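Fit chain to chain and form the complex, with the hints in mind.
Line by line, the protein sequences give chains A and B. Position 109 (the first sequence) corresponds to 199 in the working numbering; numbering is contiguous. Position 181 (the second sequence) corresponds to 219 in the working numbering; numbering is contiguous.
Hints in this document: simulated from the structure, not taken from any laboratory. Since we're looking at a predicted model, the values are computed, not measured. Check each hint, because a few of them may be wrong.
To be verified - Some chain A residues close to chain B (C-beta under 10 Å, calculated; not the full set):
id, residue
1, Glu129
2, Pro136
3, Arg206
4, Tyr208
5, Pro213
6, Ala217
7, Asn219
8, Phe221
9, Ala223
10, Asp229
To be verified - Pairs of lysine-lysine, DSS-like flavour, derived with a Cα cap of 30 Å:
id, chain 1, residue 1, chain 2, residue 2
11, B, Lys402, A, Lys200
12, A, Lys334, A, Lys255
13, B, Lys437, A, Lys157
14, A, Lys269, B, Lys479
15, B, Lys492, A, Lys269
16, A, Lys161, B, Lys68
17, A, Lys123, B, Lys266
18, A, Lys303, A, Lys314
19, B, Lys241, B, Lys68
20, A, Lys269, B, Lys68
21, B, Lys468, A, Lys200
22, A, Lys303, A, Lys340
23, A, Lys200, A, Lys340
The beta-carbon is built from N, C-alpha and C at its ideal position, and this holds for glycine as well.
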Amino acid sequence: MFQTFILPLLIFVGLGILAGLILSVASVLLSVKTDEKEESIRAILPGVNCGACGFAGCDAYAQQLAKGEAKTNLCVPGGDRTSKQISELLGVAYEDVEEQTAFVRCNGTKSLTQNRYYYTGTPSCEACNMFYAGKGTCDYGCLGFGDCVAVCNYDAIHIQDGVAKVERNKCVGCGLCAKQCPKGLIDIVPLSSCVHVACASCAMGKETRSTCKSGCIACRRCEKACPNDAITITDNCARIDYAKCSHCGKCAELCPSQCIRIEA
Amino acid sequence: MHNLEQKQVIELFKRNKIASLPGLRLPHLKDGQEMQTVSMPVPACVRIPMLQHMGHACEPLVQAGDTVCVGQKIGDSDALMSVPVHASVSGTVRTVETRTAYSGQHVQHVVIDTDGTQTLEHPDMPVDTPDRDSFLNAVRESGLCGLGGAGFPTHVKLGYRDFDRLDTLIVNAAECEPYITSDYREMMEHPDQILEGILLVMKHLRISRAFIGIEDNKPQAITLLQEKTSAFSCIQIIPLRNRYPQGAEKMIAYAATGRVIPQGSLPADQGMIVMNVSSISFLAHYMKTSQPLTTRRITVSGDAVASPCNVIVPIGTSVADVLHYCGVNGDLRSVLMGGPMMGIAVAQLEDPIIKNNNALTILKHPSGRNTSHDTTACIRCSKCIRSCPMHLMPAMLEKAYDRRDFAAMPALGVDLCIGCGCCSYVCPAKRNLTQKIQLAKPHVRRYLEQQNAKEVQT
Chain A
91 MFQTFILPLL IFVGLGILAG LILSVASVLL SVKTDEKEES IRAILPGVNC
141 GACGFAGCDA YAQQLAKGEA KTNLCVPGGD RTSKQISELL GVAYEDVEEQ
191 TAFVRCNGTK SLTQNRYYYT GTPSCEACNM FYAGKGTCDY GCLGFGDCVA
241 VCNYDAIHIQ DGVAKVERNK CVGCGLCAKQ CPKGLIDIVP LSSCVHVACA
291 SCAMGKETRS TCKSGCIACR RCEKACPNDA ITITDNCARI DYAKCSHCGK
341 CAELCPSQCI RIEA
Chain B
39 MHNLEQKQVI ELFKRNKIAS LPGLRLPHLK DGQEMQTVSM PVPACVRIPM
89 LQHMGHACEP LVQAGDTVCV GQKIGDSDAL MSVPVHASVS GTVRTVETRT
139 AYSGQHVQHV VIDTDGTQTL EHPDMPVDTP DRDSFLNAVR ESGLCGLGGA
189 GFPTHVKLGY RDFDRLDTLI VNAAECEPYI TSDYREMMEH PDQILEGILL
239 VMKHLRISRA FIGIEDNKPQ AITLLQEKTS AFSCIQIIPL RNRYPQGAEK
289 MIAYAATGRV IPQGSLPADQ GMIVMNVSSI SFLAHYMKTS QPLTTRRITV
339 SGDAVASPCN VIVPIGTSVA DVLHYCGVNG DLRSVLMGGP MMGIAVAQLE
389 DPIIKNNNAL TILKHPSGRN TSHDTTACIR CSKCIRSCPM HLMPAMLEKA
439 YDRRDFAAMP ALGVDLCIGC GCCSYVCPAK RNLTQKIQLA KPHVRRYLEQ
489 QNAKEVQT
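Next comes chain B alone, as it looks inside the complex (with noise of 0.2 Å):
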């Protein structure tokens, strides 16, 4: 597969010859996607967390009582897995807290009270980068870190350590997950935008091709798209199969090029940049404008929302505060930040948003997904195993886990596992198989450990 060229592949999947990714075919339930995009007025109060991705936490630059601007960097780090933070209102710092992370970290948030004027901490103006250092670094000071979700540095993406190797860019606009429509809006209402920023990473790390994928049920993006991209050969739009998870790096990267990324590395190490739409559309604006990332376009829907919006909110601002600009009011079950699929449950309302998420999807039933009160036993029948994106056998990982055989695991290829959630979706028994091997990974870490331990001793 690894020396097939690009339309070989694109043909081989016109007729079928590639299997298509087990994953699954899921309600796209996208009412919201033809609503503009609308902007929210600034919050009466802001928490920005020092931490919105994975990786170094920032040191606050702020402390109670200093008037910021929108804009100003008001958290920074020395750490290479780290971006700045910068306000996204302005306004006075009440004070500078410490709440618990989704993650179960101790995070600090700066308090901002607004004053409403939306004081820009300078002018819009271009960011001069005559070279791929300065890029580099004005990526850095943009405060981007990836929009799709998991939230990966993109300083760091983009400066990786073997310029020579790149040859393509990835841009991820598969947006695969149910009810979420927020870069689908991007594409539709900043095509141009996507355009120079695709250019613009192309120039700066000399990469040939670039490729952008989209689920083929959004025909009006991809029909947009090509327009826009016709005059140039090197761009090129990729119709995937509507199949979730097909936007996860790994599945995307393997439907554009037929290039499989292995256990362990990263997609540069195969010579791929994937990067999300947004993320590319983001760049572009703020090398124009050098205003860095303090606002977030949030899809709200669900199926406890009777009018599902795209709506454009300032960082930090609070999930109460969203949901009653949109009107999503009364007895609030289940709040996921991000999609029904791989969202993250929202503990509180005072919860921020950050940079990472895209929607916030309201669901009815308690928790969205299965519960434990209803679990039953294993049948054997190997659904999970069938819808299993990675092709692991969720079932016999989560054995595994249940009698604590972190030594089977490896085989298993529990590493591998992305945490997309079909296996625990198709579930008849409605076990929670993600959940446990997310559970499984850090132990079987620490046993590898061990192991690895114990041979430099004998």
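Bound-form chain A, shown alone (with noise of 0.2 Å):
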């Protein structure tokens, strides 16, 4: 009984105690210096990796905001609140954060364009675009396989209907899809602004038209219509300059083709 059982019990628990101590005693003789500050700005910093800070991810931005060289306000995902621990934490003036959103430049949901092939390799957007640069009679629509939805960490942007939305109010505006987007549809937008174009086509108005109902044709009456000159045709397709947008919503009402959207 006692060498069958208890003996190797003891001697594992033995073992056991003796390998802990070692751990413990070398944890504290041979431990890597941190700096403290540091550890404690990577604590408040929501640990996404996003790099919409610029730097390669959030342990990156804490060292260089441990050693004074980068902003408080730089991290989307964070916001205000992680601006103000920060600043709070570093004894430095609080600076706002432009919170940021995304928006996806298309809106040709499958009502209102059409496919020009049945596609059947490997479902992503990627996969498909390099193939007569993707499915959808328009070249620079929503494809709507999904890989920006695989690479949001905040389930903030879904297909529906063919297209790729934004759900405004778990966005955080890390810009992870822009990056995946093979068309580069996906813009970031500051949180303020209401007023997009919800098309990215830069063909000629004619082949727009046969392509999409609701596509850009660029026929300029929003351009003209402006009163703050925030809108432009460049590449046959409107852009808004956020900068300048009064979200008077001119633009939205005369637009033949409604892509122009107004979202509350």
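Structure follows, in structure tokens:
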């Protein structure tokens, strides 16, 4: 009884205690000195590693903050709250974070545009895009396989009726989806903006009209109507300068193809 | 292997000392191979793309309303990797429009309404090529790019920077894909012209020996060309094992000479010029007549085609017109430009036939290959690894792509993949291995560029 069960048990318990002691001594003696400030900053940051701050990830940003070489308001996902906490911790003046959100510049739902071919390959936008620039008749529109959905850490973007759509209350504007989109359709815009052009077609108006019922045909009505010169047509597609836009919504009223949207 | 003489290599092959190419033994399905080539009547309208090969697009030289003749140059460019484009019909230019090519690029197309007379720009006359430079210039003016499929501009291939290194011409007549018979018809119908073409290239590039590689499933072609070349000891016919992808550049070069083309280098770096048999034949035809490349022989076949045929069509003819002429109608599920292994599905039947098309394959199955709907998990059976002609590990490459591990992919030899499709074909889980490896290539290139940039900085 003693030899079969109790002795081995004692040996293992003894070994465990010994190993634990060695490790705890080693952890004190051989510990790598870390900046306490850096660690506490890192704890405040959301830990998504999105790269929106311009550094390689949350660790790198925390390191730079601790050295005092970065601004405190760069973390877009963390927003004002994170900025405030970091400012308090570092004892610097609080700066407001401009909160941002993603916007998908395509309106081409299944009822408004058609497919050029029936795609059966790897179900990803990137794969479909390398073949005749995607399955849709429009060469510029959303492919709807959800490469952006797969990278989103906040469950804020979903494919609805064939087009990616952002849920503004969930989106933190980190920009991971924008980097992933093979069509470059996703813009990171200020959260305060509410007028957007939901089309990215660079094709001539006639061609856009033939491929999508809600495409920008570059008629320039919005450009002429805008009181602030905030909207311009470049490459056959309207673009809004959010710094100038006053959210009056005149452009959206006039747009013949309803591709300018107002979102509350 | 590098130092083995050709005869020794063949002996080794015969005695099975060299492991045969992994690849696949595919059904031939070349039902149309004894069908004489027929010429299609000129269609009502053709759309000629300004980019029909790898490289740069041409600028159109004509505009709407212009009258053009057969063989008139309608597009040209100053870029090195470009060949001029010629009108394949006589008629009036309707418009110059932009269409999306299969690569996703927006390419200008010259649309010509034909008048049916097929008036020639100039009558037949031989091209005078006293020296190598004039020969290479004539090759460019002929509008020729590789007719085997990849479409490498021929004047660039022949105009290799180090002529002294070249010692071997390899004529690729393997035609290893199922269904396709256009190169076979070229050999059976114009063997003398092929011979002239070989001698022409050998003379101008001062190459001393030539091999014609033909798969051993075409015994008539082997016999015929052996007869024709019997007077020339410098030209040798190599019967190749019937194995897909025997016609790939690196495979045929190895089979003929035993030389290995390393990653990132050209066959010419190893002293070899590899040319498709139809390209060589066209070259001889051009030197005799100075009529540029305006037509292409297309094999129309596939399991949805009752009577396969070989038909000569003007370049720019729409796929729909060709199929209509060949009597292929009904519910067309999957039309491929090229064969079932490397062919590219046609998105719209208005798309034109281009220079490096050699077949239209129409299949009953919705895509002809695996569909994503019935893909299952990898069971690590290693069939893809055994079938890969480049000795890669497609399953590992796919996994690396799926986890976006671009750092691991150069070591797995992603750039060596020739996209032959063997792995996707054999995969019992029906995974899209070939497509994912193709997708990974640009990512890996970008990753390596970034790494290099970092190294330069530090």
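Taking 10 Å as the limit, does the beta-carbon of A/Arg206 come near enough to a beta-carbon in chain B?
Check passed: Cβ of A/Arg206 comes within 5 Å of chain B, closer than 10 Å.
Grab the minimum C-beta distance from A/Tyr208 to chain B and call the hint holds if it beats 10 Å, violated otherwise.
holds, 7 Å
For the pair supplied as a hint, A/Lys303 and A/Lys340, confirm whether the alpha-carbon distance does not exceed 30 Å.
holds, 21 Å
Taking the closest Cβ pair, is A/Ala217 under 10 Å from chain B?
holds, 6 Å
Tell me if the straight-line CA distance from B/Lys468 to A/Lys200 falls inside 30 Å.
Status holds; Cα separation ~29 Å.
With the threshold set at 30 Å, check whether the alpha-carbon distance from A/Lys123 to B/Lys266 stays at or below it.
Not satisfied, since the Cα-Cα distance of roughly 82 Å exceeds 30 Å.
Can the restraint linking A/Lys269 and B/Lys479 be considered satisfied, given a maximum Cα separation of 30 Å?
Holds. A/Lys269 to B/Lys479 sits at ~18 Å (cutoff 30 Å).
Within a Cα-Cα threshold of 30 Å, do A/Lys303 and A/Lys314 meet the stated pairing?
Status holds; Cα separation ~22 Å.
Taking the least C-beta to C-beta distance, is A/Pro213 closer than 10 Å to chain B?
Holds - the Cβ of A/Pro213 comes within 10 Å of chain B, reaching about 5 Å at its closest.
Given the hint that B/Lys437 pairs with A/Lys157, test it: the Cα-Cα distance must not exceed 30 Å.
violated, 39 Å
Taking the least C-beta to C-beta distance, is A/Asp229 closer than 10 Å to chain B?
holds, 6 Å
Given pair status - A/Lys255, A/Lys334, alpha carbons within 30 Å
holds, 25 Å
This entry does not satisfy hints 1, 2, 13, 16, 17, 19 and 20, going by the numbered hints stated previously.
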